[in-house]
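S.K.: Assembly of the complex is requested from the two constituent chains, each provided in isolation within its own frame, with the hints serving as guidance.
Top line first, the protein sequences correspond to chains A and B. Position 93 of the first sequence, counted from 1, bears residue number 95 in my numbering, the numbering being contiguous throughout. Position 43 of the second sequence, counted from 1, bears residue number 1382 in my numbering, the numbering being contiguous throughout.
There could be a bad hint or two in this list.
Just the calculated beta-carbon pair ranges, DEER-fashion [to be verified]:
| hint | chain 1 | residue 1 | chain 2 | residue 2 | range |
| --- | --- | --- | --- | --- | --- |
| 1 | A | P125 | B | A1676 | 54 to 62 Å |
| 2 | A | V262 | B | G1558 | 30 to 38 Å |
| 3 | B | R1471 | A | P123 | 32 to 40 Å |
| 4 | A | L159 | B | I1556 | 36 to 44 Å |
| 5 | A | E177 | B | I1444 | 32 to 40 Å |
| 6 | A | E177 | B | F1518 | 49 to 57 Å |
| 7 | A | L167 | B | W1525 | 39 to 47 Å |
| 8 | B | A1426 | A | S187 | 53 to 61 Å |
So these bits of chain A aren't anywhere near chain B, every CB distance computed over 12 Å [claimed, not checked]:
| hint | residue |
| --- | --- |
| 9 | L27 |
| 10 | G57 |
| 11 | V71 |
| 12 | F74 |
| 13 | A75 |
| 14 | L78 |
| 15 | T130 |
| 16 | L160 |
| 17 | L165 |
| 18 | L286 |
Worth flagging that the hints you see were computed from the coordinates, not collected in a lab. Just so you know, these numbers come straight off a predicted model, no measurement behind them. Think of the CB as a built atom: it goes at the ideal place given N, C-alpha and C, for glycine as much as any other residue.
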Amino acid sequence: MTEFAQQVISGLASGGIYASLALALVLIYNAMGLVNFAQGEMAMLATFLAYTLIGRGMSYWIALPITIVVAFAGGLVIQRVIIRPVERAPVLTLVIVTLGLATLVNGLAGFLYGYIPRDFPSPFSVQTVDILGAAASYRDLGVIGVSAVVLVLIYLLLQRTTLGLAMRAAAHHPEASRLLGVRVSWMLALGWGLASAAGAVSGIMVAPILLLEPNMMQSVIIYAFAAAVLGGIESPLGAVIGGLIVGVTVNLAGAYVPGVGGDLQLAVAFLIIIAVLVVRPNGLLGRRAARRA
Amino acid sequence: MSRLAKWPPRYWLVVLVVLVFFGLPTQVTSFQSLEWAEVLIFAIVILGLNLLVGYNGQLSLGHGAFMAIGAYTTAILVHRYNVNYLATIPIAGLLTGLVGFFLGIPALRLSPLYLALATFALAVITPSLIKRPVGLTQGTDGIEILPQQPPDWASSAFTSVTGGPPMSSDQWLYYVVFFIAVILFWIAWNIVRRRPGRAFMAIRDGEVAAAAFGVNIAGYKTLAFGLSAFYAGVAGSLYALATGFVHPDEFPVSLSLGLLVGAVIGGLGSIPGPLLGGIFTFWLPILSGQFVGGQSWIPDQVAAVFKNAGPAVTYGALLILIMIFAPNGVVGLILSAYARLRSRLRGAGERTTGQLPPDPQTV
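Chain B extracted, bound-state conformation (with noise of 0.2 Å):
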């Protein structure tokens, strides 16, 4: 109990969060359940690119392709030969970690630029690359997987709790995707406070330094795509699960340029940041159809084309914002309002502890 007392605020905070998270398909219907399965979904593949781009300072464009990689693995096995499920999710991850790997060799030797351009080029390619092995694949028909039933346990313990109607198979999946998010969140905030960590960070600050100081770049570079690619797998496996259906045109390139943005405007190097980016690579585009769509003075073919263009506009005019204001996102943000809060109420003797370095720049 002393122990718990001593903790800082923020990590009462998490607990609320995941409390928070925990409690909420009790509350909203099934389909809201889902719907917040996949922010989570977005959380975890834009936490492995955090991890890539704001702890190591290396640029994927290509996660996009990496998802579909995890959630063609999981529909494969499923649909063809009756893997259980759950069983896929670890093989999808640790495939799409290993391709990730070995796309991670090539960029050893090069600056993030090049591997900025072979996994755009990846990104773009990838819909092509699906449809092709038509056998495995089934093209553009895409892989149907049937619904997921939650066991018997699982299912009265829903029940006693909301006194409603039985877990639906959304709920379930909820759950699921609700715990990895948990665990891969905490193996995550781990490995950045310990020694792969501080050596992610160090050859993002400067190579030739961690070097000197005995980092191992290229082991920690390619463990860094491996480990960014298997968070992306992962994620694609769940969203074939939450979906229920894969198909090649749902990993265009703009689904990796969306999931970039979410890890931008989360905060590139933060460990909650992914989880406000999650929500908000979800929903805006959702939210912002919805309104314009419920607006009737718009006419109908603006609120139309607005449908298509509108997230492409507001994604682009917010990554260019936000680098040139905000280069750390809404963590960043927060965090700086807060120690500039906290040094006001402790008075002036203490006004520079706590803040950020002006320009920080993490990128």
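If we strip away everything but chain A, and leave its shape as in the complex, we get (with noise of 0.2 Å):
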């Protein structure tokens, strides 16, 4: 039961990581109807920057903020250069320059870094405390509240201020707010901004777990799909519980579904995204989308 017990707080450990992955997918998505595929990718440059940070010598504490607004104006940067030239183009065109941006950021970091993998430090010690029986690492409560505390944030921002607002009646209904006087396109950007900040921290967070190199990001945002898909992915609260259930899941798999083990782990990622896409395609909070022809 112990094992049981850790088995779920370790799960509830990674999920905060995914769900901060997600939430960044999730955002985007409702500001233009686009999965970005580069969101992995960047959050794995902003970690690069942290880790070259906290190199120089800089505390973990001020590494932390310095990376999540470089990676803020980065989002916003993109948004501005890259995405906005194809913004009104079909969906499929705007996938596919993600999928640029993907793979030129993991070239980039290559050859900045090169990929031989890294030791990341974490301000948290691997000691375990015990909670309820359990024995739960530092490591794994401090994950855990980090991302609630941007989760938060993040929440805060969108539904109780005037930014927040604008930011979610640009995205909904960007005639009818551009005609009420909000700057919609640079509402998108802002969108784009919170999303790579967001991803920055699941980033940094799952970096000191998986050692940091420029393919980190690859399994994990397969699991923030699956959580993104598994919550709706227009709800950022629903991605918030997918990516906590899927973090769960996958860990309880891998632990006790025999014949799954470490390596096929994605896989039962795989399958949730597909029983969601069969089962219901909307996902456990998302509304019942109007289908885009």
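M.R.: And the structure:
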């Protein structure tokens, strides 16, 4: 039983990471009806920035906010420079552009940092603390805590501020918002910035576990896809719930389902995606979307 | 003869290209024949991808996985069951087509985004999925296929033309690939000009309108997916025969992305485009690696990194630039340049005829 509880807690920790990245995907989906395939790679590049800052002797807790701010600015710039020229193009064009972006960023990171996995520092020790009879590591708890803070901040921004209202309005009713004086295009750019920042947090959280290298996020992005699809791809709350469910499910499957093991955990995420698409395409919390022809 | 005289110039271009590829092995080395066979293999799978993406508007990021299915079908049949290698090619194609058909079913009711997501996930997990059933796929050891000797008639015909050494197995394989490629291009060309092709494009350009005109949306969407997977399966089978070896790590997610790059660069929604895409996808990593490696002023360390990262950077940048500036790819650029040239030559009166729409955006 204690082992089971431990698996659940470490599943929740990974789930928090997936939730942050899934939330980033949802933010961009809501802004422009697009799944950003480059989200994971952008997060990876931001993590390398944090790595460089910390390597220069900067404190972890100073490097983290700096990285988040830079990631925010980077997301904004990417939207302005690369996405805006094709903003009105069909969704396939947009997807191909984000794929190009993913490949480009991955290659750039390979150029700059090489492909050797690196240790990434974590401010939380791997020592364990006893919670309800289960031994949870401080690192897992810290990851859960940081993810929760990020998710709450984004929730407050979107739901409780005028800016958040304008962003949501621009995403759902661009024409009406424009008439009311919302600068729609800039709101989309802000959405990209915000998504990039949320992704950066997930990258920094996952790096101590997976080791930092250019392909680090390749598996994480699949889990985040599964989380976003499971939660309903347009629901921020759904992304969080989906992330936690995917994290725990995958962890438990790896530990208890015979034949899954470490290498096929990704296949579990793939199965989740397929199952959701077949059984309930709108996900747990998604609205029944009107189909766009 | 009079019909031939009425042929438009592009038909003669096709004949020329086919003849060039037919005669190629007599002019280049055996190893180079094998390289060009791989170019044609890439062209085949990109053609299949183009039927799906360019003509039907669905996005697959998993064609590397389909190639893997085709390749392993052939490898297992030849290696374990001693099936004739030529017979395994259609089997591999049909099996892969069937898998694609069933994978396409959940995609029917969904936007292309979900299909892209699901196929991307499939491409990522493919290597670890292959490694699992060790008894069947021999896991990370891979499966070796012995080279195929050319039949006597082919060998003697080849020698009588070149007057040189007898036909090598690589050259024979080139011809196998060549004839299959010609047939598959011919089939694709006929499909897109006839009823299925028109239905594919109608669905791409407006699903609701297509349904209103009585197009069977579900049927044609799964057909496009299955057909596309069939092409990938045949290509995968040929790939296994050409390289003589299959291994799980030969089918990474970057292969699927490279195929998409090839389709985009050649030109989505065009039949000759995939040939250009195949040439590009095969030669870019090799030539750029050779170029950088051959430059003495570039430090070895940088060159080694470039070998890994260079194609990714180039692919990514090209994908973005082409989608922004030339969404119809190289073929689109050539066609619009040709149309402009013709209208220039014929004078201002006909300037608008034969020109592509200003912003075609076939995707």
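S.K.: Each hint needs a verdict: does it hold in this structure or not?
M.R.: Tested hints:
A beta carbon spacing of about 58 Å between P125 (chain A) and A1676 (chain B) agrees with the range 54 to 62 Å that was offered as a hint. Taking 30 to 38 Å as the suggested C-beta distance range, the pair V262 (chain A) and G1558 (chain B) conforms, at roughly 36 Å. The hinted window of 32 to 40 Å between R1471 (chain B) and P123 (chain A) holds, with their beta carbons roughly 35 Å apart. Judged by the Cβ atoms, the range 36 to 44 Å given for L159 (chain A) and I1556 (chain B) holds: they are separated by roughly 40 Å.
About 36 Å separates the C-beta atoms of E177 (chain A) and I1444 (chain B), a value consistent with the hinted range of 32 to 40 Å. At about 55 Å, the beta-carbon gap between E177 (chain A) and F1518 (chain B) stays in the expected band of 49 to 57 Å. For the hinted restraint 39 to 47 Å between L167 (chain A) and W1525 (chain B), the CB-CB distance of approximately 58 Å leaves it violated. About 58 Å separates the C-beta atoms of A1426 (chain B) and S187 (chain A), a value consistent with the hinted range of 53 to 61 Å.
Not every C-beta of chain B lies more than 12 Å from that of L27 (chain A), the closest at about 10 Å, which undercuts listing it as non-interface. Annotated as non-interface, G57 (chain A) keeps its C-beta farther than 12 Å from every C-beta of chain B; the closest such distance is 19 Å. Listed as a non-interface residue, V71 (chain A) keeps its Cβ farther than 12 Å from every Cβ of chain B; the least gap is roughly 25 Å. Non-interface call for F74 (chain A) relative to chain B: holds, since the shortest CB-CB distance, roughly 21 Å, exceeds 12 Å.
At the 12 Å boundary, the C-beta of A75 (chain A) stays outside the reach of chain B, the nearest C-beta of that chain being 20 Å off. Every CB of chain B lies more than 12 Å from the CB of L78 (chain A), the least distance being 17 Å, so the non-interface label holds. Interface exclusion of T130 (chain A) from chain B stands, the closest Cβ pair being 30 Å apart, more than 12 Å. A cut-off of 12 Å between C-beta atoms confirms that L160 (chain A) is not in contact with chain B; the least separation is 22 Å.
Look at L165 (chain A): its CB is around 27 Å from the nearest CB on chain B, clear of 12 Å, so calling it non-interface holds up. Its beta-carbon lying about 15 Å from the closest one in chain B, L286 (chain A) satisfies the requirement of being farther than 12 Å from that chain.
Of the hints listed earlier, those the structure fails to meet are numbers 7, 9, in rising order.
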